[in-house]
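Let's have the full structure, built from the sequences with the hints guiding it.
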Amino acid sequence: MHMSDIKTPFLVRMELRMMFNQFIRTLRAPSMLVFYGITLGGSFIVASVVSSFLDLAPYFSPMIQYIEDNIEKSAIFSVVGLLTVASALGGYFGLGPSQVLESSDEHIMMTAPVRPHQLFLARYLRRIVRKMMYIIIGVIVISPLLQSAHLFALSLMITIVALIFFLEFNYFVGGFCSILRTKVHAVWKSRAAHLILLPIAAVLYVPAMPEYSSNPIFQFGYPSNMVSIIIMESFGVHSIGAPIAALLVVIFIAFFIGFLALTIVVDYDIYEVFAKGRNEEVEATGGISQRIRGQVDFSKTRFKDPMMWIILKDFWSKMRTPVQFWKYVYVVFGVAFGIYLLLVQPLWMTPIPIPSEFAASLTQAFMLVIVLFTQMTVLPSLLAFVDEKDNIYLLRSSPFRSRDIILAKYLFAVVEVSLTSLPLFLLILYFMRIPGAAYLIFLAAPMLLVFSATGIMVGAYVPVFTNDPKNPPVPLAFSFPTINLAIGGLMVWLILLYGKSLEIIVFLPLLTVFFVILFLALSTRAMESFK
Amino acid sequence: MQDELELIHQMTGPELIRLAEALGVPLTYRHVSRAKIENDLVQALKLHWQTEKGKPVQKLDIPALKISNLHKEFGSKVAVANLDLEVHPGEIVGLVGPNGAGKSTTLRVLTGIIKPTNGQVTVNGYDIRKEPVEAKRRIGYIPERPTCYPSLRVIEYLTFVARIYDVPRINALLRIREFVSRFQLDEFLNSYIGTLSKGNLQRTLLAGIFVREPPFILALDEPIYGLDPRGAWSLKSLLRELRDDGSAILISTHILEVAEALCDRFVIMNHGKVVGTGTIEQLRESNPGATSLEEIFLMLTGGIPEV
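In the order they appear, the protein sequences are chains C and E.
Quick note, the first sequence lines up with residues 1 to 531 if you use this note's numbering.
Quick note, the second sequence lines up with residues 1 to 307 if you use this note's numbering.
Rather than coming from a laboratory, the hints here were simulated on the basis of the structure.
Every value quoted in this text rests on a predicted model; they were computed, and no experiment measured them.
The calculated DSSO-like cross-link candidates involving lysine-lysine, where the alpha carbons are at most 30 Å apart (straight line), are:
{"hint": "1", "chain 1": "E", "residue 1": "K77", "chain 2": "C", "residue 2": "K183"}
{"hint": "2", "chain 1": "C", "residue 1": "K276", "chain 2": "E", "residue 2": "K115"}
{"hint": "3", "chain 1": "E", "residue 1": "K77", "chain 2": "C", "residue 2": "K276"}
{"hint": "4", "chain 1": "E", "residue 1": "K273", "chain 2": "C", "residue 2": "K189"}
{"hint": "5", "chain 1": "E", "residue 1": "K66", "chain 2": "E", "residue 2": "K115"}
{"hint": "6", "chain 1": "E", "residue 1": "K77", "chain 2": "C", "residue 2": "K189"}
{"hint": "7", "chain 1": "C", "residue 1": "K313", "chain 2": "E", "residue 2": "K77"}
{"hint": "8", "chain 1": "E", "residue 1": "K77", "chain 2": "C", "residue 2": "K389"}
{"hint": "9", "chain 1": "C", "residue 1": "K327", "chain 2": "C", "residue 2": "K313"}
{"hint": "10", "chain 1": "C", "residue 1": "K327", "chain 2": "C", "residue 2": "K389"}
{"hint": "11", "chain 1": "C", "residue 1": "K276", "chain 2": "C", "residue 2": "K313"}
{"hint": "12", "chain 1": "C", "residue 1": "K189", "chain 2": "E", "residue 2": "K130"}
{"hint": "13", "chain 1": "E", "residue 1": "K115", "chain 2": "C", "residue 2": "K189"}
{"hint": "14", "chain 1": "E", "residue 1": "K115", "chain 2": "C", "residue 2": "K470"}
{"hint": "15", "chain 1": "E", "residue 1": "K66", "chain 2": "C", "residue 2": "K276"}
{"hint": "16", "chain 1": "C", "residue 1": "K276", "chain 2": "E", "residue 2": "K273"}
{"hint": "17", "chain 1": "C", "residue 1": "K318", "chain 2": "E", "residue 2": "K77"}
{"hint": "18", "chain 1": "C", "residue 1": "K276", "chain 2": "E", "residue 2": "K130"}
{"hint": "19", "chain 1": "C", "residue 1": "K183", "chain 2": "E", "residue 2": "K66"}
{"hint": "20", "chain 1": "C", "residue 1": "K183", "chain 2": "E", "residue 2": "K115"}
Shown next, in the form of C-alpha cells:
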C-alpha cells in the first residue's frame, strides 16, 4: 500500500488530536476553566432555578395544540423546505466546502501532497464531532428546562439527531452549489450565469411546496419533509403514526450520500475560493459606501475629545463595509414600516392571534421575547473590540485613557444597537398585542444598556485570554449570551415581583446603572491587562 | 545529514526509544547505559543504510522550477503579467520587487494555492495543475505571514509533516533531531504552536520543511522574517549548503542585503512585470551607474529618490 493511501485516516487522527489538544489546553488554563465552569455551571443553575418556579409543561401542550389548530402541515413542509433553498443560495454565494479551511492551511495543507477531498473529509469529521460535543453540553445545561416542559428525552434526542442530519444535508447542498458556481463561472463569466440558481431553487423547493408535499414519494423521500415529519411525530403535532425510526434511517442515508457525493466533487477549486475569500476579507470595502463618502479628513473635525475621535473612526470604518450602509437603509425603512403598521393597522397584515390558553402567561412570554430579541440585536457591542483585530494593540498603545476607549466603544455600540433594534421592537409591539405591551416594551431600554456593556466587557477580555484578538475563545463568546440571558431573566423576575409597586421605578434603574458601571469598570481593567 | 553518532547523541530518551523501535533494536535490558543504546543504534543504522544503498538517489529535473508565460488576474487587476522564470538545481534565485509587485502571487501560484489565469508552472517536471500531488510532494513553501495550527505541539507538527510527505520513519526521526538542534527548538518541542513567538514559529515552519528529504525545491517568501540574527545566519548558511547539494531555491524578499548576499540570480518585478533579470554583474552592466542591488532595484522600480 502506498503511503498516500493511508493519509486520510492519518489526517482524521490529526484533526481529532488537535481538538483533543485544544480541550487539554482549556483544562490546563485556569482562566478558561473558570470561564467554562461559570458559564456552563451557571447556565445549569439558572435553568434549574427557572424550572423550579416556572413549570413549562402547562404551556407546552397548548402550544402544540395551537400549532396543530393554526398551522397547516403543508405550511410546515414549505417553511422547512425553504431552509434547504436558503442553504443552496448561501452556499452558492458563500464559501461552500472551503469554509472548513483555515489560514494555516494555505501554506501547510494546500501546498502539501494531499488531495483536497482528503483534507475536506478530515476537517468535516472534526467539525461534526465538535458540533456533537457542543450539542451534548448544551442539552445537559438546559436539561432542567426540558424536564420542566416534560419533553421526553427520546423525542428530544430523535429531534436533535434528525435536525443535525438535515442541517448537514443542507450544508452539502450549499457545498454543491458553491462548487457549481466555480464550474459555471469558469466557462460563463457573465452575471447572467447566476440564473442557474433559479432551476436549482425550483428543484429543491418543489418537493416541499404545498401542491406536491402531500405526495408520499416527496413526503418520505425528501430530507426537509422527512425532518418535518420526524419532529412533528416526536412532539405529537399532526401525527399520522409515521415510522420515526425508518425515517431517521432514510434521512441518515440522505446525509451520508450527500457527504460522500460532496467529498467526491471537492477539488482544487476550493483552494481558489478560500484564497479569494481571504483576499476579500482584507479588502472589504463596498462600492456604495465609497461613493457616499470618498475621503474623511479627521484633521478637520471640530471635536477635541479622544472619545469622539474613536467614535468617528469607528463610524467611518464601519461605513466602509458593504453591510453597514444597508443596515442604515434597513433602519430607515424598518422604522417607517413599523410606524405605518402601528398607525394604519392594515387588514392585510394583522397582529398574531393569541390563544386564550396563553392568557395567564402572556406577560412573561412577552418579556422573554424582549430579552431574546434584545440579545439578538446587541451583537455589535461584542464586535466593537473584536472587529479591531490586531489594531486593538495600536489602540491600546495610543495616548488615550482606557476609560475613554471603553466609553467610546460603549456609546457607539449603544447608539448603533438602539438604531438597529428599533424596527424589531416596533414590529413586536404591533404583532404581539398583549395588555400593557406599550409599557413593557420599554424594558428593552435597560436591557440594551446592560447587554451592550456586557458585549463591550466580553470583547475587551478577548486580548486578555488570547493573543489572537480577532477570534474570541469559545467560552468567552458563549458567556456573552449567557450573562445577558441571566440578567434579562433577573429583570423579568423583578418586574413580575414588583411590577405593580412603585419600587420597581427605583430598582430597575439602579440595577441597570449598577451592571453598566460594573461591566465597564471590568472592561477598563481588561484593557489594562492584555496578554 | 549530520554525523549519525552526533545526532543520536543529541536525541532525548523518548527519541532514542522511537528510533530503536523503528530500527528493530530490542530494548530488553533492565538497566542499560545510554552509551550502549547509542552504540547499538549506530550499528543498526549502518546496517540499515547498507540495505538502502541500492535505492536510487533522488535528483531534481532541469529546470527544477519552470514558470512559463504566467499571467494572473484578480478581477480587473493584473497581479502578474506574462512571467517566465526558471530555477535550476544548485542555484538560489531572488525574486525582488516593491510591495504589490506580484511576488507573493507568483509564489502562491507555483505552490498550487491559486490557479494561474494563463500560463504553466512545472515543479520537478510535473505540471502543478495536471499533477498537483506529485508537484507538491517536492516543493517547500514558507509564506510571508507564517501561521500554523495553534493546537498542535511542535513535535506533533514535525512528525505530521514527515508523515504527510512520506518520509520513512527512521529518516524522519533523524531529520527531526537534526533540524530541531539546528533551529534551537529543543525547549519548545512540547510547546503548543499557538504559544510560540513569531521567530520560534518561523523556525518551526522551517524545520517542518527540512524534515522532508533533499534535494529541495523551495519557495520562500521573506524567510528571514522574525528570525533573530543567529537564526537568520543559521538559515542563510543552511540555504547555501542546500544549494551546493543540488537544491533549487526561489526567495522572495524585500531585504536586498540578504538577497545580494545569498542569491545567484535575480528577477526584479514591478507592477506584475519583470523589469530586470540576471546575475548582479549582468544587472550592473545593463544599469550603468548602479553599484549595488539596492541601486539597481531603485533604478528599475521608479528611480533613485533624490535626497
